[in-house]
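Asker: Protein chains in written order, with numbering that gives the first Met the number 0: chain A, 0 to 524; chain B, 0 to 524.
Treat the hints with caution; some may be incorrect.
[Stated by the list, open to error] Lysine-lysine pairs mimicking DSS-like chemistry, simulated, CA-CA at most 27 Å apart: (1) 44/A <-> 110/B; (2) 352/B <-> 314/B; (3) 170/A <-> 44/B; (4) 110/B <-> 99/B; (5) 56/A <-> 110/A; (6) 314/B <-> 207/A.
Since the hints were derived computationally from the structure, they do not count as laboratory data.
There are 2 protein chains.
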Amino acid sequence: MLGVRCLFRSVRFCSSAPFPKHKPSAKLSVREALGAQNTSGERIKVQGWIRSVRSQKEVLFLHVNDGSSLESLQIVADSSLDSRELTFGSSVEIQGQLIKSPSKRQNVELKAEKIKVIGNCDAKAFPIKYKERHPLEYLRQYPHFRCRTNVLGSILRIRSEATAAIHSFFKDSGFVHIHTPVITSNDSEGAGELFQLEPSGKLKLPEKNFFNVPAFLTVSGQLHLEVMSGAFTQVFTFGPTFRAENSQSRRHLAEFYMVEAEISFVDSLQDLMQVIEELFKATAMMVLSNCPEDVELCHKFIAPGQKDRLEHMLKNNFLIISYTEAVEILKQASQNFTFTPEWGVDLQTEHEKYLVKHCGNIPVFVINYPLAIKPFYMRDNEDGPQHTQQDPATSTSRHLMLMNYRESRTSYQGLPHLPHHWPPASSGLPSSGYSIVAAVDLLVPGVGELFGGGLREERYHFLEERLARSGLTEVYQWYLDLRRFGSVPHGGFGMGFERYLQCILGVDNIKDVIPFPRFPHSCLL
Amino acid sequence: MLGVRCLFRSVRFCSSAPFPKHKPSAKLSVREALGAQNTSGERIKVQGWIRSVRSQKEVLFLHVNDGSSLESLQIVADSSLDSRELTFGSSVEIQGQLIKSPSKRQNVELKAEKIKVIGNCDAKAFPIKYKERHPLEYLRQYPHFRCRTNVLGSILRIRSEATAAIHSFFKDSGFVHIHTPVITSNDSEGAGELFQLEPSGKLKLPEKNFFNVPAFLTVSGQLHLEVMSGAFTQVFTFGPTFRAENSQSRRHLAEFYMVEAEISFVDSLQDLMQVIEELFKATAMMVLSNCPEDVELCHKFIAPGQKDRLEHMLKNNFLIISYTEAVEILKQASQNFTFTPEWGVDLQTEHEKYLVKHCGNIPVFVINYPLAIKPFYMRDNEDGPQHTQQDPATSTSRHLMLMNYRESRTSYQGLPHLPHHWPPASSGLPSSGYSIVAAVDLLVPGVGELFGGGLREERYHFLEERLARSGLTEVYQWYLDLRRFGSVPHGGFGMGFERYLQCILGVDNIKDVIPFPRFPHSCLL
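Chain A extracted, bound-state conformation:
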């Protein structure tokens, strides 16, 4: 009878729906029952799993949940309907009358006339226990059951809503969605360790590749998206990406989801940062408005205080600092870092976290990186307005660097710990002759790097020279070709979807925001 619930909601798409109309059926989801306007005893049927049983002398109370909402439906029954099979975790079908609840705890309740146990649950053997708030670490051992808890239920419903919000954001902004390939023959981008693949059983015969060439799991859809931005102007992808890195950190997975966008006719980082900030804020606000109870649960029990931290992020303009300035801030820091901050070396997680804190726990864009620590496709901005304004060797005022994004911004000026003279003699910066590229990362509280992006080198000869230097010309001939025929200035970015969820929900470990986490030594189910 599922079809009924489903049919009623979707039938509006299908004007010539051929199905015989079921009478407004008694079957409701828990969410529908909880939101019902008519509570004058309408007969309904609800199916779900028992979340609590309270057996009194004359009355039996149950709470039934079907995953359609965090809240369960209260069932009130005559104790004659009680049975030993009504245990936590068992599945039931309940028929009865939907009435206004006399209690203030809920609006409605179901006065049961018939209770049918569909599937038993041996509560002793069931690893999820009644009334217990299991630690997330404990639940991770049971990927097939943890979704039945309040907390994972809420996180995964939020994940579903956030997915829809991201798709809506791009669709409403005129982007074309592209399924970039998971299997790719590109192996040289240098974004991380790769998984290689072959048909099962043929792993030991790499000379006979299935695809004729070695094939890998994608680390990013960017290059393929660039192909598509040359046809559709604005494109995005939202799919799985992979790293074969031996990391057990709270921010890394071997399989994770990336939201990536690529945009043609873009010639400044400012435009990219604007889309990034909008994407972050607009989707977070959609999630907050579409599943407030689920978000509240996370903000209450997983990360107390996170509600305020998120509001702080949403109501403030994101900040901008240059990479050079970031290094300077780190060098001036009183904190001892495991990795000494140094110009020309990539920022470490500890550095990212310090920078965000230093910026008042507002997300901060770090822009204009040395080419040496970024991939080959990043655009040299020697000729761009960004570069001349922001090159520390030529700039006379550090405020220019901070203010060039949006003149009306004032939030940065009061921040502490910046040197008063630029370039500081201590920085040891070369005063010229180093390549700065138009790359941007967004660092956020609790997580560190959330977005990475930049302008791509669209000039054939610049790119050709870079590829030649790395001996990659042949492999990337097709990529060079994009610059031969109707090339346009363009740029894009990628966002780690799990980190995004961590950031808005305050979930500490990335393994708890994905249904089935994959990481070194673990591939359960």
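Based on these hints, arrange chain B on the given structure of chain A.
Answerer: Just chain B now, with coordinates in the frame of chain A:
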């Protein structure tokens, strides 16, 4: 400046949008320009690629396309703005006045005041030629350029719309979206040849698995979805799946997309078939209404007559026959098959196509298969109403089999070539003792099998026995556990997304409906 276009459309999500409002900017996408209401000379800017150049003595005509629509924008300029760089494929930025076109071919045109060539295109070297309608086979050689043609542009915009339509359908029907994993340690489902993976360079050391266990690319998200349907009741996934099969057919890829759904508290195939038919029809109608020009192009140039064929599918109720009946129809066929149809053996593509044709080119559900040709998790329907009604050995009327789905259906009765007596003596069917499972496939014109699904064995002891027989008990202990704790009758289905696109558009080769096709011996880009 891209941000502008994007910002205006999405700003409604973000009530506290922090950006300074750009003045209603001159920059429009081609789609926006074509749909503009104000054609009284408003100054605008358009960026895109030249699709045609017509240079007359005093006037220059260009058509510019940016991928936002199939139609290009006509640019009219004084011939003084002409230049040798204005070639097919080059990228341009044009400023001018948007006016009502005097020609009937288009509503508006852009009277150019300034034409800037952004990126040249050497038309001689460019593999896409002006005014040429390249065969799809030719275009496949250029996965980085074919998206710039009308036909691939339309197909990929339709793909994007269909993706959105499918997400909407499920969201509006109350389904939770789940990202099922791509990497899995399940290797025994038997859905096809698997890709195995290891970190690059470690392929030859399978004894040191990255995940401690051998890991594979998923062939289906079903089992993981079943986990989630035990928490959320209605779930779906839409992601890449993989087969390492050495097939060069027009219907197979090594990497393709599947839409899968799993639904709890479902106890008849009828409910599943209803959702399947709705999904097919509702999303097809959304695509038709959201990108009519793109669909028209396909129906006109790729598959003439497809418009009528699709309408025929959409306006008729899908049919239902049992597997046993299907075999009987095939045996009675006048056609010679490469594979002789035989009860107990899977249907071949040639059989599927014959059946669809036989059923008047209406999609047809084939239900109730022998267990032997379906996976271990399919529900034995010996005890179900389906079975008793449809078991050919006990049924006295073949119409029962066809009519039990929806009593009001009459479309089947007139079909030819059915035996008048059941069971026919010629069938050689065992009259009892064989296991029939509640499985369903949907066969559609042009493609054959589009959906596959069924009820899952939810009864612990039935499933345990099956697994034990196959020696799989240990590997699938977690799957068995789902039946130990609050088990519910449930079912689900999967749809090949590329085949769906083939079916509605009439595209013959599956390689032309995916951005970057992967198949044996080919992994371009």
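Asker: Each hint should be assessed against the structure and marked as holding or not.
Answerer: Here is how each hint holds up against the structure:
1. A hinted pair counts as satisfied when its Cα atoms are at most 27 Å apart, and residue 44/A with residue 110/B does not qualify at roughly 64 Å.
2. About 20 Å separates the Cα atoms of residue 352/B and residue 314/B, which keeps this hinted pair within 27 Å; it holds.
3. A threshold of 27 Å between alpha carbons decides the hint, and for residue 170/A with residue 44/B the separation of about 22 Å falls inside it, so the pair holds.
4. The suggested pairing of residue 110/B with residue 99/B holds, with an alpha-carbon distance near 10 Å, which does not exceed 27 Å.
5. Between residue 56/A and residue 110/A the alpha-carbon distance is near 17 Å, which keeps this suggested pair within the 27 Å criterion.
6. Proposed proximity of residue 314/B and residue 207/A is contradicted: the alpha carbons are some 49 Å apart, above 27 Å.
The earlier numbered hints that this structure contradicts are 1 and 6.
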